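Listed here are the chains, written in short residue letters.
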Amino acid sequence: MKKINLLSLVLLTSLACGIAHADTTKKAAKKVAAPAAAAPAAAAPAAKAYSRPYGMAGCGFGTYVVGKDGSQILGATTNDTLYSQTFGITFGTLNCNDSENLATTAARLDNFIASNKVSVATDAAKGDGETIAVLAKLMNCSDSANLGPALQSHFSNIFTRYDLKANEISDNLITVVNGDASLSKQCNMKI
Amino acid sequence: MFFDLPKAGVSSVLGFFMMSRFILLSLILFTTTARGEDSALLQKAMDLHLAESTEWKRLLHYRGGIFGSETSQVAGKDFFLGPAGKTDPVSELKATIAGFQKPLSEFPKDQDPDLTLKPTDTELLHPLCRFPARAMFLGKALGVDFFQMIHPHCFHFEDFKKKLDAVSATLVFSSFYLGSPSSTFGHTFLQIRSHRALGTQGERVELLDHGINYAASMTTSNPLLYSLYGMIGAFKGTFTSVPFYFKVREYNDFESRDLWSYDLVLTQPELDMLVAHIWELGFTYYDYFYFTQNCSFHMFTTLEAAAPRLHLTDRLPFYVIPSDTIRKLVEEPGLVSAVHYRPSNRAQFEKRLAQLSSAEKSSLKQIAVDRDFTTYEKQSSAVSLEEKAKVLDASLDYLEFANPHDVAEQENSSVTIVSESSKYKQELLLERAKLGVKSVNLSVEPEDRLRPHVSHGIRRLALAYGFESNEGPSLRLGLRFALHDELDPSPGYPPLAGIEFMHLKTRYEVNSKVFSLDELALFQVLALTPYDSFHHKPSYRVQLAVSKFREEGQCVGNRCYGPELDVAFGFTFSILGRAEHPGLAAYVLPEFQNQISGGFRGSEDHLSLGGRAGFLGELSEYSHLKFEVHPAYFFFSPKPFTLDSSLEWRQNPSLSFGYGLQVESLDSKLKDYDYSAQIYYYF
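Taken in order, these protein sequences are the chains called A and B. Residues 28 to 218, numbered by my numbering, are exactly what the first sequence covers, in order. Residues 79 to 761, numbered by my numbering, are exactly what the second sequence covers, in order.
Hints listed in this document are in silico derivations from the structure and should not be mistaken for laboratory results. Computed from a predicted structure; not experimentally measured. Treat the hints loosely; a few may be bogus.
[Stated by the list, open to error] Covered stretches of chain A, as calculated for chain B (at least 3 residues, CB under 8 Å):
1. 160-172
2. 176-186
3. 197-208
[Unchecked claim] Output of the computed footprint for chain A on chain B, the stretches with three or more beta carbons under 8 Å from beta carbons of chain A:
4. 279-293
5. 324-336
6. 513-519
Glycine included, every Cβ here is placed at the ideal spot set by N, Cα and C.
All chains, full assembly: derive it from the sequences and hints.
Rendered as structure tokens:
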């Protein structure tokens, strides 16, 4: 009888909306440790890193909460007790649109890519897609039509490894766009 | 010269003295004026009965209690400027009007744009900056502009407004997905469409919109406490503002749930009020109740506060089911202007799969399921780039929807472990990029049958006349509070599935004149997912009920009552029709049952192993047929083996009406039968 009561409550309450993700962060199927020296792309030119303005972590579209095992998507919506109010996180970012330069562009790209890495990589490989339109917007490109095919042909220069961090992807992206004769004209990142 | 200096000094001292007198005087004067204005405004507010106005009640979320008193549903104390604000609309109105006129000097930090606000810092904000929606309403009603009077900067609110950059609002329904029990009833949240979300060609890139979510903040991971807290409202429910792409990644990609967006027609003042009111709610919290004051309920109360012409919550019963609120939203005149569909990664995969030839499908299996790209590459030298792209695109979609945790894991810069499938996917991405061709344009149009707002009512009344060979004729009455069973009309619900909550079945025996309970199903889920090369999810059925047990020979009398928990897991196979939407499916679900009754022979706690096997057929969206055999072996019973079976057919001329026939065999020797004819009304 006791068992049934417990089960029933769990079942009933796990149905309602908005609270559905109690322990999803804990599941992590079949993982392998990534070797520290995980095969960097063979003989790739040294990746260029661009600077970011100080304190830009929360700039742009709001930031996220990182869960205990690091899953941001879940963290953002599971409402961990520590951050019961994400509104709090959107404060303190008044300077976001103040200056437009390469560093702010890079920071904005970081923010977006950090939470959309999988889609950005897939769209880039396909040469088209919703996230390409966003990247074009964030990099101030006058036209997104050429960006997709360019990312596709430079895919191996941008996504050099499967475990790149968001800022590394942004850096590679900027390098590729700046290095492309027509894209560098279309995308105004104000260096 | 000598004389002049002190003279100048004296005059300047005098001047300073007079100046301060003037400032002091004007300060006194100003304060008096403010006080005078204060009481005049108060008087006007009282004369206009603003405290009883719909607008005020909705902005403060007052609801009539059992004894007619008004109590605000908001639980955070910081939501009220007066000490009695939670229960007294009049005193809160007074405190608000007084608060709005406080000088800025009392809130020095609010005027500092560099201040990093914490959610608990609400008292640092000037009441006008803390409650801009109230100020907008009261200002308009009283014919004053509080903001012009006080000139607060409201840096933080202005920044919030700038971030949302609202052009319009949309209510989004995140569809049920029975693959995971936690998303069974769906979820709703607001999407604030932004000016920013326009692409370089003026197209919408809605990823840059914002989502406004209301959810419970978990304070325990203990499942018992967690459930209990949810029932009694012990969790804090809070509003959060997150980039829309979080919602897309969470629902579309991680949980494979379709998103349905309902564009709302709001006037500019209503939209401004909505943004201002969301700001007000962002600092505070409600008590979260799973079945009443949940996400969908508070989406409605928020919209109602912004647009007093709306009567959304009036349309709801006392319990609130997200999908039900979508139907109610569409019923509201002039509110919804358009409906959009955003397919989940699973729906996208299904679409791509449907476009593949059988040879391409086996390539897909080789690449995506067996993860053997090398062999495919060797065998596919003659295949065109476009065809390769088609297969690779489907493979990438498959890897994404079949490994949702990779998504979560990859969207994370600090993680140091990466799954094998992520590595393999990177390999495929490199190959896909090398092809250098664009993908086939994949416009995933929603099937009409999926539209959640075109669906039968979740409540169902059933009337039946039946005849049981042992007991003779009976009249039966059933009432279901929510939501859908596998024989109800298909539109708007997932195929081959049932989700029921609080389903009461009663019967009146005509011969013995006894009225009795047949069953009270607290909760029942049936999810039949056809198994094939690309779909490996198990099918399941879970039921928790208080039942009348009538399995042959189990009870001391003819029947007995008690609680019951059934859990069945197994597989389904599509016989006719498409895999994701079969016309006829066969299923086998091994089952564990636990039944408890004082009326059982032998032990009062019956444990059994058995199974359910049968066919479920969709003759049309409005006509369904089901045959099921249900054997069971009871461990602690003098007569352990039981067998029952049933055949049921239901026809629905419309979404609100239906009728059906059922035959049940209640014993293994096929002697005891029950025949019934039903009519159904959905509302």
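Each hint, compared with the structure:
Under the rule that three or more residues need a Cβ within less than 8 Å of chain B, the assignment of the stretch 160-172 of chain A holds, with 9 such residues. Counting residues of the stretch 176-186 of chain A whose C-beta sits closer than 8 Å to any C-beta of chain B gives 6, which meets the bar of three, so the coverage hint holds. With 0 residues having a Cβ less than 8 Å from any Cβ of chain B, the stretch 197-208 of chain A misses the three-residue criterion, and the hint is violated. Interface restraint, the stretch 279-293 of chain B with chain A: holds (9 residues with C-beta to C-beta distance below 8 Å; minimum three).
Requiring three or more residues with a Cβ within less than 8 Å of a Cβ of chain A, the coverage given for the stretch 324-336 of chain B holds, as 6 such residues are present. Given as covered by chain A, the stretch 513-519 of chain B passes the check, having 4 residues with a CB less than 8 Å from a CB of that chain where 3 are the minimum.
Hint violations for this structure: number 3 only, all remaining hints satisfied.
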